[in-house]
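Chains A and B supply the protein sequences, listed in that same order. Going by this note's numbering, the first sequence opens with residue 2, and the numbers climb by one from there. Going by this note's numbering, the second sequence opens with residue 11, and the numbers climb by one from there.
Keep in mind that the hints are not guaranteed to be accurate.
[As the list claims (entries may be wrong)] Beta-carbon label-pair distances, calculated as ranges:
#1 A/147 x B/47: 25 to 35 Å
#2 A/234 x B/30: 45 to 55 Å
#3 B/98 x A/66: 42 to 52 Å
#4 B/47 x A/242: 33 to 43 Å
#5 B/163 x A/58: 47 to 57 Å
#6 A/210 x B/47: 37 to 47 Å
#7 A/186 x B/173: 13 to 23 Å
#8 B/69 x A/65: 24 to 34 Å
#9 A/110 x B/35: 17 to 27 Å
#10 B/121 x A/119: 20 to 30 Å
[Stated by the list, open to error] To spell it out: a stretch of chain A is covered by chain B in this simulated footprint if at least three of its residues, at any positions, have a beta carbon under 8 Å from a beta carbon of chain B; those stretches are:
#11 23 to 37
#12 117 to 124
#13 193 to 204
None of these hints come from the bench; they were simulated from the model. Remember, predicted model here, so these are calculated numbers, not experimental data. Heads up, the beta-carbon is just placed ideally off N, CA and C, and yes, glycines get one too.
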Amino acid sequence: MLKTRVIPILTFNGIGLVKTKQFSNPRMVGNPVQAARVYNQRGVDELVFIDIYASEQNRKINLKLVSEVIKECYMPVAIGGGISTIDDITNLLKIGADKVVIKTKALTDPDFIKKAVSIFGSQCITISVDAIAHHNNYKIYNRQGIDLSLNEFTNSMMACEVGELIVNSVDNDGMMNGYNFELINTVLKNTNLPVIAVGGGGEMAHYKQLMTETKIEAVGSSSIFHFTQFTPRDIKNELKQINVPVRL
Amino acid sequence: MVAIIDYGLGNLASVQKALSFLKIDNKITANHDEIKNSDFILLPGVGSFAHGMQNLKEKGLDVLLTDEVIGKKKKFLGICLGMQLIAETGTEPFVSPGLGWIKGTVNKIETTNLRIPHMGWNTIETVNQSYLTEFNQKDFYFIHSYHFVPDNQRMIAAYVNYETNLVAAIQHDNIFATQFHPEKSQTAGLALLKHYFESC
């Protein structure tokens with residue numbers, strides 16, 4: 002039986018790991034290589050590492066650092082941040098990334114995504130969907146001034162045959178007050194792709210609620226691992242109690 | 011020495027990292043002499059079937075690998091696309107011939123309720139005697155939208171259930187291949203690779 006994945010999300014600012022609240026106020030939370038080592042020892046299902054300021058600051062991701070992060074990992078790793086060329090993807094795969102996570106380029110140039118899928122395969126291309134509530138609906142949050150609804154964006158990415166969506170609620174990001182079930186259900190209803198739900202996990206009850214309120218099969222989290230004593234394994238133990246299939 | 015075949019597709023670095031961790035002598039290569047002199051051939055790969063075959067052909071590797079594996083019976087380990095490419099026929103994105111070492115077709119996974127790609131950790135169920143036998147009911151990492159349907163069921167080493175039973179591994183003579191990624195499957199995956207290379 003397919004196991005529900007619990008995935009630590011590491012967000013990076015070019016210097017160290019940071020954690021935002023509602024995509025603002027980044028707070029330094031540590032060293033990425035050390036974090037990757039700990040998560041590997043803990044046997045996490047997968048790891049996501051994103052340089053969240055690379056596109057905005059017009060930087061390329063630091064390949065040397067990413068390579069050191071990946072070296073610690075014997076589980077699948079997805080890497081994102083500032084990816085805008087085929088070479089960027091090739092370079093990440095060469096140092097051992099299994100998937101790449103793309104957002105800004107997907108918003109500005111869907112044809113690039115189509116091309117990337119044709120070269121690297123669907124399974125390699127994960128799209129970050131950052132949704133923010135807007136007039137009883139959701140828009141895609143971005144700093145490029147692109148006006149796109151959630152469904153328009155996910156439809157366009159499905160047409161490109163991407164492999165997976167990371168759906169992050171901007172409103173819930175870093176608030177540790179629970180997941181946005183409505184957002185997750187909206188996306189799950191609209192697509193047949195695997196989805197990782199992100200944004201809002203802060204205590205054990207939130208993960209149980211997410212599993213009972215939605216049919217999600219992968220959950221990403223960050224704050225809870227940085228700011229509480231809970232580990233991915235604690236979450237999986239908790240989920241097992243309500244018969245969610247997990248890998249322990 | 012294990013020759014990790016470099017045909018411009020796939021996660022070569024991950025495979026090499028796992029073998030090096032296990033202290034198994036290996037080299038990423040497309041060099042024909044190096045491949046001929048190797049003890050094992052490892053064909054990794056992620057990407058589309060047709061693209062994979064095209065890349066093998068461009069480097070003359072389709073003929074060379076067939077000589078080595080079918081002609082000289084060299085030990086072969088295929089992973090993910092590297093397992094699918096040994097089939098007679100692929101369908102991704104269009105019908106095209108594979109290496110043809112194992113009779114059968116690689117088809118798109120069809121489900122009514124479950125999401126495609128089949129992505130994440132899933133339990134394998136072993137059948138027939140194989141390198142995998144002692145790994146029955148272990149979880150491995152899968153990431154694929156297509157699956158190999160071999161004609162001869164006796165070659166199937168393990169299934170994985172995803173609404174229906176999909177082939178998770180194949181073993182026949184000197185050929186062993188997994189749809190899942192042992193190199194990304196942490197403890198279980200590293201244990202499988204160690205077991206395979208030690209028992210060969």
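Residue 121 of chain B paired with residue 119 of chain A, Cβ distance criterion 20 to 30 Å
Between residue 121 of chain B and residue 119 of chain A, where Cβ atoms are some 23 Å apart, the hint holds.
Does the beta carbon distance between residue 210 of chain A and residue 47 of chain B stay inside 37 to 47 Å, or does it fall outside?
58 Å, violated
Take a look at whether the Cβ-Cβ distance between residue 98 of chain B and residue 66 of chain A falls inside 42 to 52 Å.
For residue 66 of chain A against residue 98 of chain B, whose Cβ atoms are near 44 Å apart, the range 42 to 52 Å holds.
Can you take a look at whether the stretch 23 to 37 of chain A is actually covered by chain B? Rule is 3+ residues, C-beta closer than 8 Å.
violated (count 0)
In this structure, is the beta-carbon distance linking residue 186 of chain A and residue 173 of chain B contained in 13 to 23 Å?
The hinted range 13 to 23 Å holds for residue 186 of chain A and residue 173 of chain B, with Cβ atoms some 21 Å apart.
Note whether the CB distance of residue 147 of chain A and residue 47 of chain B lies within 25 to 35 Å or breaks it.
54 Å, violated
Assessment of proposed distance window 17 to 27 Å (beta carbons of residue 110 of chain A, residue 35 of chain B)
44 Å, violated
Examine the stretch 193 to 204 of chain A for residues whose CB is less than 8 Å from any CB of chain B, and state whether their number is three or more.
With 4 residues closer than 8 Å to chain B, the stretch 193 to 204 of chain A meets the three-residue bar; holds.
For the pair residue 47 of chain B and residue 242 of chain A, does the Cβ-Cβ distance stay inside 33 to 43 Å?
Check failed, 55 Å falls outside 33 to 43 Å.
Range first: 45 to 55 Å. Now tell me if the beta carbons of residue 234 of chain A and residue 30 of chain B are that far apart.
27 Å, violated
Looking only at beta-carbon atoms, does the pair residue 163 of chain B, residue 58 of chain A fall within the given range of 47 to 57 Å?
56 Å, holds
Holds or violated: the stretch 117 to 124 of chain A covered by chain B, criterion of 3 or more residues with Cβ-Cβ distance under 8 Å?
holds (count 6)
The structure fails to meet hints 1, 2, 4, 6, 9, 11 from the earlier list, while all remaining hints are met.
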